[in-house]
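Undergrad: Below, each chain spelled out in residue letters.
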Amino acid sequence: MDLIQWAISPVGSRVPIHIAWFLGWVCVAAAALFMVGHAIYVGVLAKPRKFAANDSPEVLASISERVPRHSLVSRAFHWLMATSMFVLLITAFLPKVGVRMNWVTCHWIAGLVLSALVLFHIVHASFFLDFMSIWPDMTDVRDMVRRLRLALGWNSPLPNRFAKYPPENKLYHFLILCSGLAVIVTGLCMMKHVNTFGVLVRNPYIFGDMTWGLIYVLHGLAGVGLIALIMVHAYFGVRHEKLPITKSMVFGYMDREFFLEEHDPLRCRSVKNGTDQF
Amino acid sequence: MAVIRDVMPAFDLLQPTSAADAHKLLQQHGEQAWIMAGGLDSLDWLKDRIKKPKVLIDLSGVDELKGIRTSGDGIEIGAMTTLTEIANSPVINTRYSVLSEAVSVVASPQIRNQGTLGGNVSQDTRCWYYRGGWPCYRAGGNTCYADTPVGRNREHAIFGANRCVAVHPSDSVPALIALGAKFVLLTPKGQKVVDAEDYFVGPEIDITNMTVLQPGELLTAIRIPSTWAGARFYFEKIRDRNVWDFPLMNVASAMFVSGGVIDRIRLAVSAVAPRPMRLKHVERAVTGKPAEASTGEMAGRMAVEGAIPLQFNAYKIPLMRNLVKRAIAGVQESSWT
Numbered sequence: 001m002d003l004i005q006w007a008i009s010p011v012g013s014r015v016p017i018h019i020a021w022f023l024g025w026v027c028v029a030a031a032a033l034f035m036v037g038h039a040i041y042v043g044v045l046a047k048p049r050k051f052a053a054n055d056s057p058e059v060l061a062s063i064s065e066r067v068p069r070h071s072l073v074s075r076a077f078h079w080l081m082a083t084s085m086f087v088l089l090i091t092a093f094l095p096k097v098g099v100r101m102n103w104v105t106c107h108w109i110a111g112l113v114l115s116a117l118v119l120f121h122i123v124h125a126s127f128f129l130d131f132m133s134i135w136p137d138m139t140d141v142r143d144m145v146r147r148l149r150l151a152l153g154w155n156s157p158l159p160n161r162f163a164k165y166p167p168e169n170k171l172y173h174f175l176i177l178c179s180g181l182a183v184i185v186t187g188l189c190m191m192k193h194v195n196t197f198g199v200l201v202r203n204p205y206i207f208g209d210m211t212w213g214l215i216y217v218l219h220g221l222a223g224v225g226l227i228a229l230i231m232v233h234a235y236f237g238v239r240h241e242k243l244p245i246t247k248s249m250v251f252g253y254m255d256r257e258f259f260l261e262e263h264d265p266l267r268c269r270s271v272k273n274g275t276d277q278f
Numbered sequence: 001m002a003v004i005r006d007v008m009p010a011f012d013l014l015q016p017t018s019a020a021d022a023h024k025l026l027q028q029h030g031e032q033a034w035i036m037a038g039g040l041d042s043l044d045w046l047k048d049r050i051k052k053p054k055v056l057i058d059l060s061g062v063d064e065l066k067g068i069r070t071s072g073d074g075i076e077i078g079a080m081t082t083l084t085e086i087a088n089s090p091v092i093n094t095r096y097s098v099l100s101e102a103v104s105v106v107a108s109p110q111i112r113n114q115g116t117l118g119g120n121v122s123q124d125t126r127c128w129y130y131r132g133g134w135p136c137y138r139a140g141g142n143t144c145y146a147d148t149p150v151g152r153n154r155e156h157a158i159f160g161a162n163r164c165v166a167v168h169p170s171d172s173v174p175a176l177i178a179l180g181a182k183f184v185l186l187t188p189k190g191q192k193v194v195d196a197e198d199y200f201v202g203p204e205i206d207i208t209n210m211t212v213l214q215p216g217e218l219l220t221a222i223r224i225p226s227t228w229a230g231a232r233f234y235f236e237k238i239r240d241r242n243v244w245d246f247p248l249m250n251v252a253s254a255m256f257v258s259g260g261v262i263d264r265i266r267l268a269v270s271a272v273a274p275r276p277m278r279l280k281h282v283e284r285a286v287t288g289k290p291a292e293a294s295t296g297e298m299a300g301r302m303a304v305e306g307a308i309p310l311q312f313n314a315y316k317i318p319l320m321r322n323l324v325k326r327a328i329a330g331v332q333e334s335s336w337t
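In order, the protein sequence lines correspond to chains A and B. Mapping to UniProt numbering: the first sequence position 68 is 68, numbers consecutive. Mapping to UniProt numbering: the second sequence position 200 is 200, numbers consecutive.
Don't read these hints as lab results, they were simulated from the structure. This one's a predicted model, so the numbers in the text were calculated from it and none came from an experiment.
Label pairs and their in silico Cβ distance ranges:
{"no.": "1", "chain 1": "B", "residue 1": "V257", "chain 2": "A", "residue 2": "V97", "range": "45 to 53 Å"}
{"no.": "2", "chain 1": "B", "residue 1": "P90", "chain 2": "A", "residue 2": "W6", "range": "53 to 61 Å"}
{"no.": "3", "chain 1": "A", "residue 1": "V36", "chain 2": "B", "residue 2": "Q32", "range": "32 to 40 Å"}
{"no.": "4", "chain 1": "B", "residue 1": "V91", "chain 2": "A", "residue 2": "G12", "range": "47 to 55 Å"}
{"no.": "5", "chain 1": "B", "residue 1": "P215", "chain 2": "A", "residue 2": "Y41", "range": "40 to 48 Å"}
{"no.": "6", "chain 1": "A", "residue 1": "V26", "chain 2": "B", "residue 2": "Q15", "range": "36 to 44 Å"}
{"no.": "7", "chain 1": "B", "residue 1": "R241", "chain 2": "A", "residue 2": "V97", "range": "38 to 46 Å"}
{"no.": "8", "chain 1": "A", "residue 1": "G237", "chain 2": "B", "residue 2": "Q32", "range": "40 to 48 Å"}
{"no.": "9", "chain 1": "A", "residue 1": "I4", "chain 2": "B", "residue 2": "P109", "range": "42 to 50 Å"}
{"no.": "10", "chain 1": "A", "residue 1": "I8", "chain 2": "B", "residue 2": "Q15", "range": "31 to 39 Å"}
Here chain B is said to cover these stretches of chain A; the calculated rule only asks that three of the stretch's residues, wherever they fall, bring their Cβ under 8 Å from a Cβ of chain B:
{"no.": "11", "segment": "3 to 12"}
{"no.": "12", "segment": "99 to 110"}
{"no.": "13", "segment": "192 to 203"}
{"no.": "14", "segment": "207 to 221"}
Cut-off 20 Å, straight-line C-alpha distance, at most; resulting in silico cross-link-like pairs (EDC-like, lysine to aspartate or glutamate):
{"no.": "15", "chain 1": "B", "residue 1": "K52", "chain 2": "A", "residue 2": "D2"}
{"no.": "16", "chain 1": "A", "residue 1": "K170", "chain 2": "A", "residue 2": "E241"}
{"no.": "17", "chain 1": "A", "residue 1": "K96", "chain 2": "B", "residue 2": "D206"}
{"no.": "18", "chain 1": "A", "residue 1": "K96", "chain 2": "B", "residue 2": "E217"}
{"no.": "19", "chain 1": "A", "residue 1": "K96", "chain 2": "B", "residue 2": "E31"}
Where is the CB? At the ideal position from N, CA and C, for every residue including glycine.
Using the sequences and the accompanying hints, generate a full structural model.
TA: Now the structure itself:
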């Protein structure tokens with residue numbers, strides 16, 4: 001059972017050409033298993049979450065009933081990216097399961113949209129948002145160890161509440177970042193192979209057969225990985241305990257009660273800075 | 001790459017004697033099965049050891065797929081009817097002469113004796129990169145070797161290229177499209193009838209197949225309605241040699257002319273795109289106009305709008321323009337431009 005499809009190039013070399021497409025089903029199955037396992041764990045085994053919380057009256061007084069979380073620009077980016085990602089996945093994988101559709105043009109156009117959005121996001125997050133808020137810090141690492149110990153029934157101090165994003169969210173962002181950048185970079189290269197109506201001039205000779213093969217394989221691996229990641233993302237988005245987070249991506253704010261229950265105002269830079277958006 | 005000719009890979013040869021049995025075998029073996037009609041395309045693939053099916057289903061013993069039958073509304077041609085039989089058929093010569101003319105110029109007499117209509121319309125492309133076993137897009141790879149600055153693409157597409165630039169090589173298809181033929185398929189869900197132009201699929205939708213036939217499906221017959229019987233027909237095939245050659249381009253038209261004005265017309269061109277093209281926009285434009293050179297010239301110009309030549313096939317644009325012109329105005333009325 002080969003994970004990669006191989007072919008003999010015109011010069012007689014054995015080169016990779018694609019991933020084996022059953023890996024798409026493997027990712028679907030892995031994501032489904034994860035969701036079932038997580039649902040069972042949360043419903044049956046998990047203990048109630050506890051955090052160390054001791055907010056000063058000044059801090060509590062500074063938190064409004066509706067805590068702004070995502071600006072309109074950030075929300076627009078998120079949903080546009082989600083739309084382009086869905087178009088990409090649909091146009092990439094429905095033909096693989098036998099649905100006949102004119103997918104190539106839709107696919108590369110959605111890919112260009114995604115690339116532009118990601119470029120925008122990098123600039124926006126770097127200069128207009130708290131760039132570091134999505135990256136794990138030492139407190140996250142320490143708290144994850146504490147949460148793990150508590151989940152296993154071992155003694156441990158209580159973990160702190162989350163900063164703007166829980167560490168799981170940060171890890172997810174990192175995985176999406178890696179797979180997203182992989183599909184974008186390889187996808188942009190692959191546009192040199194297809195007719196893009198003048199956007200790029202076709203030139204399959206910019207790389208050799210082996211390099212092209214690796215580009216296609218990486219694109220495929222990252223693509224099937226995205227199936228699993230997006231399935232899991234949608235699953236968490238509709239779980240009842242995560243709905244406040246999902247709602248905040250729609251309406252832009254979070255209820256004060258939920259915010260103070262899960263998030264540490266002092267770990268949110270904007271709160272510390274005296275602004276009301278974190 | 002090394003190509004070992006004349007030694008076919010091992011496969012199970014199944015020879016059903018009825019369409020039902022053939023269909024059952026196709027469903028049973030799915031993607032492992034290869035359908036062989038006259039064998040002219042199949043044996044190339046097998047002897048070159050590029051296609052290696054596990055099961056070969058030879059339809060030559062299925063008599064019910066052979067012959068030309070008249071029906072209430074036209075005729076039905078069994079998919080296994082030979083091209084020679086079609087070319088010599090009195091009813092086709094009388095009422096649908098564009099088809100007999102088209103099949104009469106397929107390859108050579110020997111090939112027409114063996115080749116079938118079903119095989120002719122279902123044959124694979126002749127792109128030599130693909131036929132040579134190169135791992136191109138159509139073969140499941142990730143490159144089109146023909147569509148490159150140095151690729152040999154003189155015979156390839158000027159329309160509809162989408163990763164793959166190979167063209168459909170059939171001579172009979174434009175005539176069938178012009179006649180409004182319908183293809184009868186036996187599918188796992190029962191009989192399905194598709195218009196001739198819809199039988200073919202381009203690479204933007206399915207890059208590894210040229211037709212809508214799926215594993216487990218069988219083309220059983222081609223029905224030609226009487227709608228265009230006795231129309232004014234035109235067929236022309238351009239090829240490098242006068243015998244035994246695939247088309248560089250071919251054109252077929254069927255039209256009814258009344259008082260010198262085109263009442264109705266169907267027009268199809270092949271070998272210019274990955275699937276045979278019915279030129280509906282041209283048909284609409286010329287309907288109601290006189291069947292003469294000026295209309296033909298306009299039609300020719302319209303027909304080539306949007307054509308994108310490759311490195312070595314720009315000649316196809318004036319060729320198509322003139323063929324379409326001749327298909328409408330006739331050779332006598334037209335002159336080369």
